[in-house]
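Peer 1: Using the hints provided, position chain B relative to the given structure of chain A.
So you can see what is in the structure, the chains are spelled out below.
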Amino acid sequence: MSRNVSQTRVTLVTIAAWTVGFLIFFPILWTILMSFKTEGDAIKTPIEMLTSSWTLESYHEVQERSDYFRHFWNSVVISLGSTLVALIIAIPAAWSMAFVPGKRTKDLLMWMLSTKMMPAVGVLVPMYLMFRDFGLLDSRLGLVGVLTLINLPIVVWMLYTYFKEIPGEILEAARMDGASLRSEILYVLTPMAVPGIASTMLLNVILAWNEAFWTLQLTTSKAAPLTQFIASYSSPEGLFYAKLSAASTMAIAPILILGWFSQKQLVRGLTFGAVK
Amino acid sequence: MATAQSRTAARLMVSPAVILLFLWMIVPLGMTIYFSFLRYNLLNPGMETFAGFDNYYYFLTNAAFWDALGNTLTLVLGVLAITVIGGVLLALLLDQPFRGQGIVRVMVIAPFFVMPTVSALVWKNMFMNPVNGMFAHIAKFFGLQPFDFLAHAPLASIILIVAWQWLPFATLILLTALQSLDREQQEAAEMDGAGALSRFWYLTVPHLTRSITVVVLIQTIFLLSVFAEILVTTNGGPGTASTNIPYLVYAQSLLAFDVGGGSAGGIVAVILANIVAFFLMRMIGKNLEA
Chain A
1 MSRNVSQTRV
11 TLVTIAAWTV
21 GFLIFFPILW
31 TILMSFKTEG
41 DAIKTPIEML
51 TSSWTLESYH
61 EVQERSDYFR
71 HFWNSVVISL
81 GSTLVALIIA
91 IPAAWSMAFV
101 PGKRTKDLLM
111 WMLSTKMMPA
121 VGVLVPMYLM
131 FRDFGLLDSR
141 LGLVGVLTLI
151 NLPIVVWMLY
161 TYFKEIPGEI
171 LEAARMDGAS
181 LRSEILYVLT
191 PMAVPGIAST
201 MLLNVILAWN
211 EAFWTLQLTT
221 SKAAPLTQFI
231 ASYSSPEGLF
241 YAKLSAASTM
251 AIAPILILGW
261 FSQKQLVRGL
271 TFGAVK
Chain B
1 MATAQSRTAA
11 RLMVSPAVIL
21 LFLWMIVPLG
31 MTIYFSFLRY
41 NLLNPGMETF
51 AGFDNYYYFL
61 TNAAFWDALG
71 NTLTLVLGVL
81 AITVIGGVLL
91 ALLLDQPFRG
101 QGIVRVMVIA
111 PFFVMPTVSA
121 LVWKNMFMNP
131 VNGMFAHIAK
141 FFGLQPFDFL
151 AHAPLASIIL
161 IVAWQWLPFA
171 TLILLTALQS
181 LDREQQEAAE
191 MDGAGALSRF
201 WYLTVPHLTR
211 SITVVVLIQT
221 IFLLSVFAEI
231 LVTTNGGPGT
241 ASTNIPYLVY
251 AQSLLAFDVG
261 GGSAGGIVAV
271 ILANIVAFFL
281 MRMIGKNLEA
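Heads up: the protein sequence lines correspond to chains A and B, in order. Using the working numbering, you'd call the opening residue of the first sequence number 1 and step up by one each time. Using the working numbering, you'd call the opening residue of the second sequence number 1 and step up by one each time.
With the rest of the complex left out, here is chain A:
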């Protein structure tokens, strides 16, 4: 009908969307650009900064002065460790709730969710004291434990919503064919459940990687993950913009990449299946 009008409209929307997207992304882009500058150039006016020469100096310095890779490794161990432990506990639970639902399954799920509503400060003091008394302060083991418990309700819920979508008839057919419970789980359910488990894992690694209450409260240096490492830049000495940018870029890059793959799961996981 009016092809020209709709073409104009597409162009206008394209311009508007790209402008807004660029503005929202700009702080991240700017940080990445600044990380390739010298400290002297980083504090110049934006145009002078952009036109100055590029260097990897800040990356070298961040690694040498504050041992970035140790913190990176702590983040990897803590986020992956807590996700894996949570999965080991949650998979059987979600499986049984999805396939052998009882009268109280719904209440149980709601109760699990309600543990997530407890604000962390409510238990800060006893957690801190228990960690101190058991020698867990500044240990990766302690953080893996806490983050497992924090994310467990989300893991159970996400897995439950995925498992729910596996048709029950397939299980009954397998049973009729004489499959035992063990082979039913191993050969029928597992292959169908793998995508859901992978998505759950991805989202929870992201959440654990960025967790910034317990990681800040319960670590100081030895077990400090990247959240704590970056927080140490809050009281800097001397010129530090380029180094802060380099450290920030390295801290967010792995998760930005993972995150872009998990947009859909993010919606589902964070709304507990209420929006799909």
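Be careful, since some hints might not be right.
Unchecked claim - Calculated cross-link-like contacts (lysine to aspartate or glutamate; reagent style DMTMM-like; alpha-carbon spacing at most 25 Å):
| id | chain 1 | residue 1 | chain 2 | residue 2 |
| --- | --- | --- | --- | --- |
| 1 | B | Lys140 | A | Asp41 |
| 2 | B | Lys140 | A | Glu39 |
| 3 | B | Lys140 | A | Glu48 |
| 4 | B | Lys286 | A | Asp107 |
| 5 | B | Lys286 | A | Glu165 |
Stated by the list, open to error - Label pairs and their in silico Cβ distance ranges:
| id | chain 1 | residue 1 | chain 2 | residue 2 | range |
| --- | --- | --- | --- | --- | --- |
| 6 | A | Thr190 | B | Ile138 | 54 to 60 Å |
| 7 | B | Phe200 | A | Gly40 | 48 to 54 Å |
| 8 | A | Leu186 | B | Phe200 | 50 to 56 Å |
| 9 | A | Lys106 | B | Leu92 | 22 to 28 Å |
| 10 | A | Ile32 | B | Leu77 | 31 to 37 Å |
| 11 | A | Leu33 | B | Glu48 | 52 to 58 Å |
| 12 | B | Leu255 | A | Ser53 | 42 to 48 Å |
| 13 | B | Pro206 | A | Trp73 | 48 to 54 Å |
| 14 | B | Ile26 | A | Thr190 | 32 to 38 Å |
| 15 | A | Leu12 | B | Leu77 | 29 to 35 Å |
| 16 | B | Gly100 | A | Pro46 | 42 to 48 Å |
| 17 | B | Ala189 | A | Trp73 | 54 to 60 Å |
I should point out that these hints are in silico values taken from the structure, not numbers from a laboratory. We put the CB at the ideal spot given by N, CA and C, even for glycine.
Peer 2: For chain B alone, coordinates are given in the frame of chain A:
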């Protein structure tokens, strides 16, 4: 259908998760309640005495608590207003056909994946710093006096930083909801002569209401416990200008070593969060039935 054997197996499989979460909920919370009735300072260990409701009395009558409560509410409501209104507008924009949808989506969602300490420090130094920040450079370019955001408008600055982190979340969820909108219904309304505005008001808005409720409730849970952003930008200051309840509890228990007072504050925070949680649970419970 399910045999007795599989039912027993199911119960066994669900129990580790239930037991762990039960302990996680009951042990530390029980200890917090216990501590909140003690006169207990980490500097004088072994001197704990029963304090009755004194800790609650001092915590609730302290001017800092009311400041923190006000700041907490301002922070939650401010961020909610920005992210919900911005999120609806952005979702409506991104729902239109345009070139490069995938790339724009990736750019818009990115801030959500930035860890809180990074986003707070990037905004604090690279943008809001009154000497070398981007905003100061822009102000100087136009011959204006640079504004010291975190010193003169600390809470508003923190709201801006937190809103930047949560806008992608709201946008993404509202966009997902918009995409499940019934196109045929829209077309039918259009054919019947409904204008763009009335289609938005009578079809889109009611469709989005549920998602907006979900966004509001989930964000509220997270926003009630904003901590890292305050720790690395203002340390709650100047004075108590940007102290919220989590930061106040942290300061009282781990900076002032007042375990009793901090615990009382923690319980107050739990009660506040429960009021919100009550509504959230009802909402999600309804969806579960549908």
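Peer 1: Against this structure, judge whether each hint is valid.
Peer 2: Cross-check of the supplied hints:
1. B:Lys140 - A:Asp41: Between Lys140 of chain B and Asp41 of chain A the Cα gap is close to 18 Å, so the pair holds against 25 Å.
2. B:Lys140 - A:Glu39: Given that 25 Å is the threshold and the Cα spacing comes to 21 Å, the pair holds.
3. B:Lys140 - A:Glu48: holds, 14 Å
4. B:Lys286 - A:Asp107: holds, 12 Å
5. B:Lys286 - A:Glu165: holds, 19 Å
6. A:Thr190 - B:Ile138: 54 to 60 Å: Between Thr190 of chain A and Ile138 of chain B, where Cβ atoms are some 56 Å apart, the hint holds.
7. B:Phe200 - A:Gly40: 48 to 54 Å: holds, 52 Å
8. A:Leu186 - B:Phe200: 50 to 56 Å: Given range 50 to 56 Å: holds, Cβ gap about 51 Å.
9. A:Lys106 - B:Leu92: 22 to 28 Å: 35 Å Cβ-Cβ, so the 22 to 28 Å window is violated.
10. A:Ile32 - B:Leu77: 31 to 37 Å: Roughly 33 Å apart at Cβ, these two residues keep to the hinted range, so it holds.
11. A:Leu33 - B:Glu48: 52 to 58 Å: Once the Cβ atoms are compared, 54 Å apart, the range 52 to 58 Å for Glu48 of chain B and Leu33 of chain A holds.
12. B:Leu255 - A:Ser53: 42 to 48 Å: Given a distance of about 44 Å, which is inside 42 to 48 Å, the answer is holds.
13. B:Pro206 - A:Trp73: 48 to 54 Å: holds, 50 Å
14. B:Ile26 - A:Thr190: 32 to 38 Å: holds, 34 Å
15. A:Leu12 - B:Leu77: 29 to 35 Å: This hint holds: roughly 33 Å between Cβ atoms.
16. B:Gly100 - A:Pro46: 42 to 48 Å: violated, 25 Å
17. B:Ala189 - A:Trp73: 54 to 60 Å: holds, 57 Å
Going down the numbered hints, you'll see the structure goes against 9 and 16, while the others check out.
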